[in-house]
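Q: Below are the chains, spelled out letter by letter.
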Amino acid sequence: MSSSPATETRSMNMIQAINSALDVCMDRDPAITVMGEDVGYFGGVFKATEGLQKKYGKGRVFDTPINEGGIIGVAVGMSAYGLRPVPEIQFADYIYPGLDQLVSEAARLRYRSAGEFTAPITVRSPFGGGIFGGQTHSQSPEALFTHVAGIKTVIPSNPYDAKGLLVAAIEDNDPVIFFEPKRIYNGPFDGHYDRPVTPWAKHPQSQVPEGYYRIPLSQAAVVREGEAATMLAYGTMVHVALGVIEASGIDAEVIDLRTLWPVDIETIEASVKKTGRCIVVHEATRTGGFGAELSALVQERCFYHLEAPIERVTGWDTPYPHSLEWAYFPGPVRLTQALKRVIEA
Amino acid sequence: MAEAPAAPNMTPLSFHVPEPRFRPGDAVDYADFDRGEAGAVARPDVAALPADMRGHAYSLVRVLDDEGVAHGPWNPRLSPDRLRRMLRDMALTRAFDDRMYRAQRQGKTSFYMKCTGEEATSIAAAHALDRGDMCFPSYRQQGLLIARGWPIGQMMNQIYSNAGDNLKGRQMPIMYSAREAGFFSVSGNLTTQYPQAVGFAMASASRGDTRIAACWCGEGSTAEGDFHSACTFAAVYRAPVILNVINNQWAISSFSGIAGAEATTFAARGIGYGIASLRVDGNDILACYAVLDWAAERARGNHGPTLIEYFTYRAEGHSTSDDPTKYRSAEERGAWPLGDPIVRLKQHLIGLGEWDEERHAAMDKEVAEFIRDEGRKAEAQGTLHDGLSQPFTTMFEDVFEEQPWHLKEQSAQMQAERKAAGI
Ligand SMILES: Cc1ncc(C[n+]2csc(CCOP(=O)(O)OP(=O)(O)O)c2C)c(N)n1
Ligand SMILES: [Mg+2]
Numbered sequence: 001m002s003s004s005p006a007t008e009t010r011s012m013n014m015i016q017a018i019n020s021a022l023d024v025c026m027d028r029d030p031a032i033t034v035m036g037e038d039v040g041y042f043g044g045v046f047k048a049t050e051g052l053q054k055k056y057g058k059g060r061v062f063d064t065p066i067n068e069g070g071i072i073g074v075a076v077g078m079s080a081y082g083l084r085p086v087p088e089i090q091f092a093d094y095i096y097p098g099l100d101q102l103v104s105e106a107a108r109l110r111y112r113s114a115g116e117f118t119a120p121i122t123v124r125s126p127f128g129g130g131i132f133g134g135q136t137h138s139q140s141p142e143a144l145f146t147h148v149a150g151i152k153t154v155i156p157s158n159p160y161d162a163k164g165l166l167v168a169a170i171e172d173n174d175p176v177i178f179f180e181p182k183r184i185y186n187g188p189f190d191g192h193y194d195r196p197v198t199p200w201a202k203h204p205q206s207q208v209p210e211g212y213y214r215i216p217l218s219q220a221a222v223v224r225e226g227e228a229a230t231m232l233a234y235g236t237m238v239h240v241a242l243g244v245i246e247a248s249g250i251d252a253e254v255i256d257l258r259t260l261w262p263v264d265i266e267t268i269e270a271s272v273k274k275t276g277r278c279i280v281v282h283e284a285t286r287t288g289g290f291g292a293e294l295s296a297l298v299q300e301r302c303f304y305h306l307e308a309p310i311e312r313v314t315g316w317d318t319p320y321p322h323s324l325e326w327a328y329f330p331g332p333v334r335l336t337q338a339l340k341r342v343i344e345a
Numbered sequence: 001m002a003e004a005p006a007a008p009n010m011t012p013l014s015f016h017v018p019e020p021r022f023r024p025g026d027a028v029d030y031a032d033f034d035r036g037e038a039g040a041v042a043r044p045d046v047a048a049l050p051a052d053m054r055g056h057a058y059s060l061v062r063v064l065d066d067e068g069v070a071h072g073p074w075n076p077r078l079s080p081d082r083l084r085r086m087l088r089d090m091a092l093t094r095a096f097d098d099r100m101y102r103a104q105r106q107g108k109t110s111f112y113m114k115c116t117g118e119e120a121t122s123i124a125a126a127h128a129l130d131r132g133d134m135c136f137p138s139y140r141q142q143g144l145l146i147a148r149g150w151p152i153g154q155m156m157n158q159i160y161s162n163a164g165d166n167l168k169g170r171q172m173p174i175m176y177s178a179r180e181a182g183f184f185s186v187s188g189n190l191t192t193q194y195p196q197a198v199g200f201a202m203a204s205a206s207r208g209d210t211r212i213a214a215c216w217c218g219e220g221s222t223a224e225g226d227f228h229s230a231c232t233f234a235a236v237y238r239a240p241v242i243l244n245v246i247n248n249q250w251a252i253s254s255f256s257g258i259a260g261a262e263a264t265t266f267a268a269r270g271i272g273y274g275i276a277s278l279r280v281d282g283n284d285i286l287a288c289y290a291v292l293d294w295a296a297e298r299a300r301g302n303h304g305p306t307l308i309e310y311f312t313y314r315a316e317g318h319s320t321s322d323d324p325t326k327y328r329s330a331e332e333r334g335a336w337p338l339g340d341p342i343v344r345l346k347q348h349l350i351g352l353g354e355w356d357e358e359r360h361a362a363m364d365k366e367v368a369e370f371i372r373d374e375g376r377k378a379e380a381q382g383t384l385h386d387g388l389s390q391p392f393t394t395m396f397e398d399v400f401e402e403q404p405w406h407l408k409e410q411s412a413q414m415q416a417e418r419k420a421a422g423i
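Sequences listed follow chains G and S, in order. The first sequence begins at 1 in the UniProt record's numbering and counts up by one. The second sequence begins at 1 in the UniProt record's numbering and counts up by one.
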């Protein structure tokens with residue numbers, strides 16, 4: 001076996017980076033167990049677990065019955081034994097049958113047993129729209145989880161972060177929801193759906209170390225420094241935000257939250273106090289979305305630095321439509337207009 | 001990790017993960033599959049107690065033998081006219097699937113799912129049930145709509161999300177809703193329709209109505225909690241409902257063993273709930289019809305629910321997003337011991353002297369031309385990507401009965417947004 005030091009990098013897309021994170025973690029820790037619908041022999045419908053069953057055996061990588069409550073429930077039980085389960089929920093839209101086990105059980109186990117039992121589970125799941133998946137393959141339910149005490153929520157926006165964050169999530173001793181923006185599995189997406197897709201290979205963040213590294217949870221990344229306004233984004237929307245800034249020539253700062261909860265409040269606070277203007281961006285529906293929490297936090301902590309009302313740019317408060325997908329998606333047009341409003345206010 | 005076992009002299013536990021018999025490249029041999037004889041399974045009284053017919057959950061009701069001759073007490077003795085209609089409905093369903101699959105491949109829509117090889121299960125149901133009975137389908141029961149005479153063009157419009165789509169482009173292709181045809185809105189979330197069908201049946205019974213309900217799911221979907229909720233409620237209230245499980249052996253890449261088929265049958269799931277349960281050859285449309293007819297009569301007579309497992313084979317990929325050569329042997333389809341439902345009914349009709357090769361060829365041609373013509377008409381109303389067929393404001397309709405202020409604002413914002421951007 002050739003040892004691959006962390007410094008040796010390779011161009012990876014998001015799927016390959018996630019696969020590499022699982023591989024590296026499983027190699028280091030025999031307690032890590034991957035399971036889910038179609039994740040075994042087939043390697044997952046998005047291929048994120050490809051090759052893992054062959055390498056680590058069916059005892060550690062296996063297909064499950066189609067029962068999301070069961071998947072999360074057995075993960076809690078496996079944790080009680082001492083394993084570190086990494087279940088995949090095939091689409092975030094199908095996580096709801098697992099909510100009771102997540103919300104009532106995994107999230108509160110540490111608290112209710114005073115630390116006697118814990119649930120070091122990382123639930124991976126593709127989320128978000130942009131693939132004409134209609135209302136059951138497009139949802140962004142992250143706010144359901146950030147609302148629950150005891151669960152961490154992580155969303156990467158590029159291959160390098162995806163690997164480093166997934167490693168940190170798996171090593172974290174509390175339950176983590178790890179949502180993967182499926183629209184950018186194969187390449188970054190700036191919201192211009194009518195332009196050709198660019199592959200990750202052309203993006204600097206696709207250079208991923210082969211070996212072990214981690215990106216600590218609860219650390220945001222300032223992906224673009226700027227003075228005019230602060231854009232808070234995560235997942236696919238980071239790329240939409242960067243595209244809009246480039247096209248508009250407005251010198252805004254973009255913060256990729258990476259971990260939604262517990263959020264990196266210091267980075268947000270420092271940025272908004274510097275720029276005095278803030279736009280919160282997500283693809284999820286608006287009302288009660290994570291943007292509402294961010295907006296409240298900014299208001300509470302930066303009120304006297306604000307020079308304009310905080311704007312939220314989000315999906316509309318409707319189910320995700322099939323044919324009108326791009327009218328629903330908070331793309332460059334919606335974001336540019338909000339940015340201008342905030343700058344001109 | 002937990003410590004090593006405390007008692008080293010004890011047998012270490014082993015972890016069992018089911019594995020299908022055949023993977024890509026494997027030679028396929030179904031020799032040890034016990035089909036039973038056509039006509040061999042007894043037909044219980046429709047009022048039979050579930051406890052008195054447990055064997056039916058493990059046997060296989062078959063009517064047609066390998067020569068296409070009908071045998072035994074389950075032979076529904078349908079008129080040749082009815083048989084020919086069922087044959088055409090199956091042929092129409094297959095032709096429709098082929099056309100819409102190709103349309104997706106040509107980029108005219110985003111997604112499609114075929115039911116090839118499973119046509120008998122839905123067509124039999126549409127013929128055995130009354131038009132007023134309510135169906136709660138999964139995504140693979142297009143045959144119900146076709147056999148109930150829901151316009152093919154309407155189905156195509158839905159698939160294209162075009163101007164004629166009764167669902168206003170909101171749903172992914174094949175997630176039909178057709179209240180007029182007694183066809184409940186298809187959900188993407190597996191098995192949610194199961195308790196809903198039971199609820200419809202409970203409502204119908206509680207109001208002294210005569211309509212019954214039926215639902216469908218795949219064998220993989222029986223693992224969902226909703227399946228078990230449905231069985232419990234159906235048994236407790238003796239609901240007039242038919243619970244149909246289409247065991248096509250595969251759930252995307254997972255074989256039926258991952259849903260529990262190594263240890264028992266899917267029909268046998270019903271036994272523990274006290275539900276009359278039967279297993280039927282799903283590629284034998286006469287057997288499917290007979291069992292459904294039995295279950296419908298049972299429900300109408302207030303004798304309670306029935307669970308039916310249809311043993312069949314998913315002849316094609318799961319959907320247009322799937323490549324089955326990656327996880328199963330390509331030989332399976334050809335070696336399938338229960339044949340093809342269209343071929344078997346055709347053979348039966350020819351044996352009766354009610355059909356021949358020329359008429360079959362003429363039917364295939366007529367069906368293909370009909371589908372082609374309907375397809376052209378539908379495409380004239382637009383396909384998914386050639387311009388958006390729905391007014392944008394429809395996106396904000398039907399979230400609630402009345403549009404609240406926030407949706408009015410969002411709708412206005414979207415229109416302003418598009419105007420300002422010159423879209
Ligand atoms: C709650 C939920 N979990 C997972 C899925 C993803 N999914 C869609 S179809 C499918 C397989 C279903 O197999 P089966 O029930 O056997 O039906 P078949 O496709 O064979 O007709 C899966 C896992 C889903 N749609 N809903
Ligand atoms: Mg199936």
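These are calculated hints, taken from the structure and not from any lab test. Among these hints, one or two may not hold up.
Said to hold, decoys possible - Under the rule of at most 27 angstroms between Cα atoms (straight-line distance), these lysine-lysine pairs were calculated in the DSS-like manner:
hint, chain 1, residue 1, chain 2, residue 2
1, S, 326, S, 168
2, S, 419, G, 340
3, G, 58, S, 377
4, S, 408, S, 168
5, S, 326, G, 47
6, S, 326, G, 54
7, S, 419, S, 168
8, G, 274, G, 340
9, G, 340, S, 408
10, S, 326, G, 55
11, S, 408, S, 419
Q: Please go over all the hints and tell whether each is borne out by the structure.
A: Structure-based check of all given hints:
Restraint check for residue 326 of chain S and residue 168 of chain S: not satisfied, since their Cα atoms lie roughly 36 angstroms apart, outside the 27 angstroms limit. For the proposed pair residue 419 of chain S and residue 340 of chain G, the alpha carbon gap of about 16 angstroms is at most 27 angstroms, so the pair holds. Between residue 58 of chain G and residue 377 of chain S the CA atoms are separated by roughly 51 angstroms; this puts the pair beyond 27 angstroms, and the hint is violated. Taken as a hint, the residue 408 of chain S and residue 168 of chain S pair is honoured in the structure, with Cα atoms around 18 angstroms apart against an allowance of 27 angstroms.
A C-alpha spacing of about 12 angstroms is found between residue 326 of chain S and residue 47 of chain G, which places the hinted pair at or below 27 angstroms, so the restraint holds. Between residue 326 of chain S and residue 54 of chain G the alpha-carbon distance is near 14 angstroms, which keeps this suggested pair within the 27 angstroms criterion. Proposed proximity of residue 419 of chain S and residue 168 of chain S is supported: the alpha carbons are some 22 angstroms apart, at most 27 angstroms. Between residue 274 of chain G and residue 340 of chain G the CA atoms are separated by roughly 18 angstroms; this keeps the pair inside 27 angstroms, and the hint holds.
Proposed proximity of residue 340 of chain G and residue 408 of chain S is supported: the alpha carbons are some 23 angstroms apart, at most 27 angstroms. Distance check on the hinted pair: residue 326 of chain S and residue 55 of chain G sit about 18 angstroms apart at the alpha-carbon level, within 27 angstroms; holds. At most 27 angstroms may separate the alpha-carbon atoms for a hinted pair to count; residue 408 of chain S and residue 419 of chain S meet this at roughly 17 angstroms.
Hint check: violations occur at hints 1 and 3; the rest are consistent with the structure.
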